[in-house]
Structure formats: structure tokens, C-alpha cells
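J.: Each chain, written out:
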Amino acid sequence: MRITCPNCGQRDLREFTYMGHAVALNRPAADADLAQWDDYLHNRDNPAGPTDELWYHGAGCTAWLKVRRDTVTHVISDAWLVMPPSKGVK
Amino acid sequence: MRFSGLRVITEALRGNKSWTPHWRNPEPKAHYDAIVIGGGGHGLATAFYLAENHGLRNVAVLEKGYLGSGNIGRNTTIVRANYGLPGNSEFYSHSLKLWEGMEGALNYNVMHSQRGIINLFHSDGQRDAYARRGNAMINQGDDAFLLDREGVRKILPYLDFDNTRFPIYGGLYHPRGGTARHDAVAWGYARGADKRGVDLIQNCEVTGIDVDNGKVVGVQTTRGAIRAPKVGIVVAGRSSQVAAMAGMRLPIESHILQAFVTEGLKPVIDHVVTFGAGHFYISQSDKGGLVFGGDLDYYASYAQRGNLPIAEHVIEAGMTLMPMIGKAKLLRSWGGIMDMSPDGSPIIDKTHIDGLYLNCGWCYGGFKAVPASGWCMAHLMATDTPHEVARGYRLDRFATGRGLMDEEGTGSQHNLH
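Note that the protein sequences, when read in sequence, are chains G and H.
Just so we're aligned, residue -10 is where the first sequence starts under this note's numbering, counting upward by one.
Just so we're aligned, residue 123 is where the second sequence starts under this note's numbering, counting upward by one.
Worth flagging that the hints you see were computed from the coordinates, not collected in a lab.
Among the hints, a few may not be true.
[As the list claims (entries may be wrong)] Partner residues are not named here, just some residues of chain G that face chain H (Cβ under 7 Å, in silico): (1) Tyr7; (2) Gly9; (3) Arg33; (4) His63.
[As the list claims (entries may be wrong)] Per label pair, the in silico range of CB-to-CB distance: (5) G:Tyr29 x H:Pro208: 27 to 37 Å; (6) H:Trp456 x G:Thr6: 21 to 31 Å; (7) G:Val64 x H:Phe267: 11 to 21 Å; (8) G:Thr6 x H:Thr286: 23 to 33 Å; (9) H:Leu453 x G:Ser66: 27 to 37 Å; (10) H:Leu453 x G:Asp20: 55 to 65 Å; (11) G:Asp34 x H:Leu128: 50 to 60 Å.
[Said to hold, decoys possible] Once the Cα atoms are required to be at most 20 Å apart in a straight line, the calculated EDC-like pairs of lysine to aspartate or glutamate come out as: (12) H:Lys449 x H:Glu438; (13) H:Lys409 x H:Asp305; (14) G:Lys55 x G:Asp41; (15) H:Lys472 x G:Asp28; (16) H:Lys472 x G:Asp27; (17) H:Lys472 x H:Asp506.
Where a beta carbon is used, it is the ideal one built from N, C-alpha and C, also for glycine.
Could you put the whole structure together from the sequences, leaning on the hints where they help?
T.: Next up, the structure:
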């Protein structure tokens, strides 16, 4: 797999770390009920097909990306920045 | 048809003309007392024990492909009972005992070979962790020996003991561990279940689960509707998709685990050897191929194939441990779909729907669990109560935080196991 990082262009899988489903971006409010926290932490749609995930470009610009990837074909159709690159890293 | 040594000789003399198919190929009936979704190792074992232990014979196994076409048909075949935590320990101990009696119980040669497993360690800390694990195994009534460096050298002289990064300090030896012929396990349970009246329905994909007033009443399939008051979902690898048919969202993420086989070689590796520090384990099949694997690719996948970084990593680890395998040619590799649960332990439980039962989350360790998983799933489906060795495998343990079984001590969220 290769991921096209919005900062760096197309890069090899080895530069990235998978950080789980993009559901992690939708953190419940601190006073949300336990079922919402259980859904957030544990339960997953786990689709066989396109899905949104978080990948960390640790060996590149250190940005966190939201990546749309097909779990059956491994085809990556899009990637967005979740956070800007760390200070001092271009 | 019963197998025996005499029968094999007689058939050989008569040109092997009177062997018969191992199971029927029946049409699905309109109604069963219980349905097992999934004709893999766990599903077939569940059906076998429903008939054998609980007298439930009007049972169907529904398989979307052919029997044993999932992970039971492609895995690294290791059988062991070396778990450390209560909840897992008694379950895998029970499973190993069932393995030891399996060939007699099924009248089927599953080529179960108790050749011993050695988990290597490379530091004082790792030695202490393995000593603790070995003590847990002994407390459970299973076998474990802590070998020092010379003890390992005696049985595995071919390892690189003085590797700069991973010098070998010793190993945890589990003599009753070993391997088995994976396909034969599926075939043996299928044949045994069929003989006891279970209908094995192949090419029959479940497309819906029918629920009426909070109670399961049957399933929709590509071969029509089938009624049953009890339905077991035993489809590790596709659990999320099947559970979604009943409106459930599971604590499962599907990941890929790669494995590799070399060309056939003369006998060279007599045991199962694991190199946890480097993510590599290996055994040699009876056909001669070196069968080895490592860790997950670590991203969600249903592709049934992995990527090169992990292939390289596993093979580098193998070369680090036993440089002698460098000249073997790789014959094939594959990737299996792993039901990864947050704490790395499985689920065998009832669901919020009456009569609907769930067996999933086997992570990368489902093969050795096949007999006990079937045994306990059948017990749950027949009696509506969990079997005592599987009572820890609750579906709600993630929501409540009670009874988490995190064998690796890394936490209870996805992507940690």
C-alpha cells in the first residue's frame, strides 16, 4: 500500500502507522453515558469495503491523516490532514 | 464407514474401490431445532458436540462456501495450553485434553503431534515473565519446564545463541503442545456431526436473521428461509457482518495475519519454536514445508493477503533466529482474517436476542481452541448457561470493564494485541 500524504505526496506504507478507525475523532462529551463511551472505545462497524481510518505519518511529516481505504482491496481513495505537522517539521 | 488399520489394508488390497463420501450433501429442511451459522472448525465442532453431548440431532450447519474454507483451511496449526490468566487458562487446558482424545472420539486421523513448543526468551525480564507463565500452566495442571540456555541448546542446537541483539537466555518448554493437520480437524468434526444426523448445508449463505418479539425464529439464506428457535453465529472473520443482520455492533475489528510455507525439506525442525521478541514462530509440517508466521500487519483488512513490510519483517526475524533456513525457497504465503477483540480474548456468549448466541473474537489463536470452543458453544446453545471453563468469555466485559482478559497486559482497546 502507498498513502498519498497531503504534505508529502505518495509514500510507502512503511512510513505510516495505523491508528485505528476514524471513530476516534468523535470523542463523546465527558458527561456522555457509558453506552456512548463503550461504542466509542470498543464497538465498531468493521465494514468489508471503504472506511475512514487514522494513520500517523511518523517517518514523514508527523501529521495525523484521515484516510479513506477499502478494507477488501486495500485501495486508498483519499487522505486528509487531521492535524497540521508538528512545529519545526516541514 | 468406520476407519481402522485393518480397513486401510483391506481397501488397499481391493484397489480402494469401496471408500464412500465422508458426509451427505442434504437439501436444507424448513425447520431445525438449532442452526449453526458457519461451517469452519468452530462451527462444525459446535454441531458435533450439540449432537454428541446434548442429544440435539435436528441441527443444521449453514456454510456460505465449502466446509473448512476459512481459517481452519489455512493456518499454522499450533495446538497449546500455555495461557497465564484465569479464564483463558482453564479453557485452553480443557481444549488440549479434548485434542488428546480427539482422534478416538472422531474416529479420524487428525495427525495430532505433541512435538513440544519452546517459547524462547532473551532477557532477565522475559525469563521472569515466562517463569510466571509456566507456574500458571503448572497450577492449571498442564506441563511446563523452564529451560536455561544449555537446556535449549540440547534440543534446538541450530539456533543462533549468540545473536548480538537477541542472545538466547533460555526457553519455556511445553511438551504437550504441538501441531495437528488443520483440514482433517474440520473434516473429522464434519463427518462426526453428519453421522449423528446433523445436516451440513454448503453453498448456503445466510442473508438475514429473523427476530420476532426479541426472540430469534430463523434465518434467511440464499437457499430459502429456515426456521429454528436457536441460532449460533460461529463465523470468526466475518462476525461483524453476520451480527449486523441482528442489529448488533460488535467489539471486533478484522485484521490480517500472514503466514508462509517453504518448499518441502527433509526433517530439520522437530518442535514448534517461537521467537516472541522478534515476532516469528515456526514448525515443520509432515510434508516437509517450514510453516512460519509472525505478527499482524496492524491495519483493518478483509483482503486475505498482506503487504511486503510484514513479510520482510517476519523473514528477517527468522534469519536472525535460525540462519540455516535462509536457503529454503518460499513456496507460498497467505493472509487470514482475524476477529480482533479489544483485550485479545474471545467471546462465547448469549446476545440481547433470545435464542441467538455468539462465538467470535478468536484473534490469531482460534485453531487450538476448536474443540473447547465447540464444546462450550454447544453447552451454551443447549442449556442457555455458559460452560464453566468459558464463563469468562462474556460479551459485556468491555462495556462494564469487569473480567477483561488481557493476556499481554497491553490494554483493552483495539490495535493493542
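J.: Each hint: holds or not?
T.: Structure-based check of all given hints:
no.: 1; hint: Tyr7; verdict: 4 Å, holds
no.: 2; hint: Gly9; verdict: 5 Å, holds
no.: 3; hint: Arg33; verdict: 5 Å, holds
no.: 4; hint: His63; verdict: 5 Å, holds
no.: 5; hint: G:Tyr29 x H:Pro208: 27 to 37 Å; verdict: 29 Å, holds
no.: 6; hint: H:Trp456 x G:Thr6: 21 to 31 Å; verdict: 24 Å, holds
no.: 7; hint: G:Val64 x H:Phe267: 11 to 21 Å; verdict: 49 Å, violated
no.: 8; hint: G:Thr6 x H:Thr286: 23 to 33 Å; verdict: 27 Å, holds
no.: 9; hint: H:Leu453 x G:Ser66: 27 to 37 Å; verdict: 34 Å, holds
no.: 10; hint: H:Leu453 x G:Asp20: 55 to 65 Å; verdict: 57 Å, holds
no.: 11; hint: G:Asp34 x H:Leu128: 50 to 60 Å; verdict: 55 Å, holds
no.: 12; hint: H:Lys449 x H:Glu438; verdict: 13 Å, holds
no.: 13; hint: H:Lys409 x H:Asp305; verdict: 14 Å, holds
no.: 14; hint: G:Lys55 x G:Asp41; verdict: 6 Å, holds
no.: 15; hint: H:Lys472 x G:Asp28; verdict: 19 Å, holds
no.: 16; hint: H:Lys472 x G:Asp27; verdict: 18 Å, holds
no.: 17; hint: H:Lys472 x H:Asp506; verdict: 8 Å, holds
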